[in-house]
Amino acid sequence: MSWLDPSTLVTARLLLGAVLRRGPVAVRITEVEAYAAADDPASHAWKGPTRRNAVMFGPPGRLYTYAMHGHTCANVICTPEGVGGGVLLRAGEVVLGLEDARTRRGDVADHRLARGPGNLTRALGITMVDGGAELFDPESPFSLTPGDEEPEISAGPRVGVSRAADVAWRFWITGDPTVSAYRLARAAARDIQPG
DNA sequence: AAGCGGATCTACT
DNA sequence: GTAGATCCGCTTC
Numbered sequence: 100m101s102w103l104d105p106s107t108l109v110t111a112r113l114l115l116g117a118v119l120r121r122g123p124v125a126v127r128i129t130e131v132e133a134y135a136a137a138d139d140p141a142s143h144a145w146k147g148p149t150r151r152n153a154v155m156f157g158p159p160g161r162l163y164t165y166a167m168h169g170h171t172c173a174n175v176i177c178t179p180e181g182v183g184g185g186v187l188l189r190a191g192e193v194v195l196g197l198e199d200a201r202t203r204r205g206d207v208a209d210h211r212l213a214r215g216p217g218n219l220t221r222a223l224g225i226t227m228v229d230g231g232a233e234l235f236d237p238e239s240p241f242s243l244t245p246g247d248e249e250p251e252i253s254a255g256p257r258v259g260v261s262r263a264a265d266v267a268w269r270f271w272i273t274g275d276p277t278v279s280a281y282r283l284a285r286a287a288a289r290d291i292q293p294g
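Note that our numbering numbers the first sequence so that position 190 is 289, with each residue one more than the last.
No lab work stands behind these hints, which were simulated from the structure alone. Just so you know, even glycine gets a beta-carbon here, dropped at the ideal spot from N, CA and C. Keep in mind that a hint or two might mislead.
Between beta-carbon pairs, the in silico distance windows are [to be verified]: (1) P276 x T149: 36 to 46 Å; (2) S242 x P140: 11 to 21 Å; (3) D138 x A286: 14 to 24 Å; (4) A264 x F235: 26 to 36 Å; (5) L195 x D290: 39 to 49 Å.
Turn these sequences into a full structure, and let the hints guide you.
What follows is the structure, given as structure tokens:
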């Protein structure tokens, strides 16, 4: 079984410093966001199960992938079967398979290889095909191992969401250079403009 | 069958 | 700092 906690808020903190591996490339997770179920209007699980978010309502220990703005983003599912929710992987530090990651990402600085949800999946080679993949099965190309020591954690509002932008459900390792920059959702920024 | 918005990224100013 | 590209899935006709 996995070491994940059924609460996405708890698991979000547990994932900081943990290492996600897919084949030759591994990433030390430095930034995540928690997404809940029915009470979280920013979550894909908010309106109940659909074909797209079915994995969120499945058993824990799986990877939920979704396509957005031409990119693939990945969540770790830790909630019990039947309950929606997940933890979005926003950024990490490539600790294994640097050459493969550089090939996939092109000519960028190392600290940017897995900076941002879309970039993280690209560095690891995660696509929509990996949706539902097992994270704790020896047969799976994925593995997820806890960090050795507990890092110093900061919290703040989630990036790019237009609803529930006030809750501090984004967590990152304090001072880590691979953490992405905060941005308000364009839709939310639009609402603030006068006229 | 078509429209639209979104948990984004990059380049350019 | 800001605008454009980009594309899947949900909503609506």
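### Query
Which of the numbered hints are not met once you compare them with the structure shown?
2
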